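Same order as they appear, the protein sequences are chains Y and D.
Just so we're aligned: the first sequence equals residues 1 to 462 in our numbering.
Just so we're aligned: the second sequence equals residues 463 to 669 in our numbering.
The reader is advised that the hints may include incorrect statements.
[Stated by the list, open to error] Listed next, the in silico DSSO-like pairs over lysine-lysine satisfying Cα-Cα at most 27 angstroms (straight line):
1) K534/D - K514/D
2) K70/Y - K631/D
3) K631/D - K378/Y
4) K164/Y - K492/D
Just so you know, these hints were derived from the structure itself, not from any lab.
Since the structure is predicted, the reported quantities are computational estimates derived from the model, not experimental observations.
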Amino acid sequence: MNSYRARARQLSRFVLLPLLAGLAAPAALAVPSFARQTGMACEACHTVWPELTHFGRVFKANGYVLDNLKQVRGVTAQKEEILSLSNLPPLSIMVQASFTQYATAQPDVTGRTQNGTVAFPQQVGLFYAGKIAPHVGAFLQLTYGYDSGSIGIDNTDIRFADLKVLPGEQTLTYGLSLNNNPTVQDIWNTTPAFGFPYATSKIGSGFGAASKIDGAFAQSVAGLTAYAFWNESLYGELGMYRSAKQGTAGPLSSTTTGGVLAGTAPYWRLAYEHNWGRNTIEGGLYGATFKEFPDFGAGFGQELTGPSDRYQDVAEDVQYQYVGDQHLFSVLGTRIHEKQTLNASINAPATATVPIPANLENDLTTVRAYGTYYYRRKIGATAGFFRTTGSSDAGLYAANSTPKPDTSGWIAEINYVPWLNTKFSVQYTAYSKYNGASDNYDGSGRKAGDNNTLYILAWLSY
Amino acid sequence: MRQLVLAVCSLLCALGVGATRADDVDAFTKEHAARIAVGTCGICHGPAGVSKQPKYPLLAGQNANYLAAQLKAFRSQTRGDADAIGYMWGMSATLEDGTIDALSQYYAGQAAGTGRAGDSALVARGREIYQKGIEDVGVPSCATCHGPDAHGLADFPRLAGQHAQYVLKQLGSFQNNMRNVAVMHGVAQGLKVDEMRAVAAYLEAQP
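Please model the complete structure; the sequences and the hints are all you need to start from.
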């Protein structure tokens, strides 16, 4: 056990920690091609990107199709429209460059890593974001990341949507979303895919253990969901996700890396939004149940039959926005609770190279809340709080000196937005607890506060 | 000042502010415009021109010629208040004259709202300013151009029932000359913010 703990600690320090940090970094949603397509400034859809206004949420629910460009049209002899193609393709490019500094450099096998990391570029994103045809639109992102050194598919959301006017002039927007990340299709910024922090360092310490709906399946699943948005207030959505791995032609097998969903995973969402004056308030629930054949590591893979691990995620979210001409203010929060039943992992081979849980059942709860203020959409600040707590499990968290997943802390960020498509941020993340403890969390004397991270970011979209 | 405004208003009425009238349009254009009104404009202004958010003006029952003139001003980028630039310049960019006329008729044909009661003291102060103006600082009666019931006259817009927040913002835009309307720039110059609030509250309360 001791040698496994030592191995697990090393794995945690040099592999899992940066990996989790990478998973925790959401991709961008703020695309000038939408502005070009609609002819409206970014402020119509965003307070400051990527946070959506009510109009932005309605634009997304309507399938990204609102359009004011001249069209190449095709009609039949019966005047039936068979083509409506924008003259200008809705393409955008996004560049991020960043600098990251730890309070204390991360350890490596011979001492300490270099502190002060420049990422240039951190990411370059190419987007197709806009209308494809009447009632059909897409948000599709290809991203080059300096950490991977390659280009890969990023968040993708292809939509069909239509709108009906009901008696009493109530509206019903309904549609389908084909997407690759649970919650990427959601229209509030409280859910994981487009929640705060909107950008984080690729080498930052991240937020420790996370529930499955909190980014674990980003870009490795495909989901089809159906939604309805009644009177721009009551929103309901149901859908299913199935593994759709990148970099393998399939069929998925025991050699597939990273865990495979057993069958399909149901996803659901219910939310209500009320608007008055310049104010908007939203409260909602969302969740999914994932059954996964876990990856037991190199040389083991996963059996794609038999028992699977079950992760039942249920979350609440709330959002308040005040969108004034001079002052803009938002408070957003979510709490995700995950119940884990680890029928497969608990029976992993003893020599597996991944942590083997000691408990059949575990809980994991994440709370995130933050408030943002902007003055004239030019200068703003955000303060946020994050906390993950969960069951003690001597196997799953063997790499931690205290076998718990607990991570908590604060994030503060100052943003300067000289133009609506350019943003410069200084972000500081302070940890009060990391991977189960405040002090000596890794058994080698490292404190949670050693991971405090200064992150400076230039974020440009065109 | 009062005489000058009256004279200018009368002249503008006689000449017709909207150079092109929102005349009859064919059935195909009407149907096309109704689709745009529901599917595009309706996102902000409501499918029948009754917007829920006070940032966006109520269009139901609005004077068709006024609407057509405004849409053309957005399209030609001559109306320059911040929301016009941010929203309406783009939204109107590809509208053809026939569609503008059909859209204007669509909204003119929708039932106007019944108004929303506000603070009674504020509404009373607003009524006084609206009906009589403020003689001391040369603010004329609004009723002269917009009608005693604020339903609009000739090419001058209906104001009755309009969101107070929107009216207040437009008065500010006239005062700053962002909307580039000489008459209203002159009228709004003499108004203080609390007086604008009173007029806006009065108008919002009118059926």
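Okay, the hints, checked on the actual structure:
1. At roughly 24 angstroms between alpha-carbon atoms, K534/D and K514/D fall within 27 angstroms of each other, so this suggested pair holds.
2. For a cut-off of 27 angstroms, the pair hint linking K70/Y to K631/D is broken: about 32 angstroms separates their Cα positions.
3. Of the pairs offered as hints, the one joining K631/D and K378/Y holds, with about 21 angstroms between alpha carbons and a cut-off of 27 angstroms not exceeded.
4. Between the alpha carbons of K164/Y and K492/D the distance comes to roughly 18 angstroms, so the proposed pair stays at or under 27 angstroms and holds.
In summary, the one numbered hint that this structure violates is 2.
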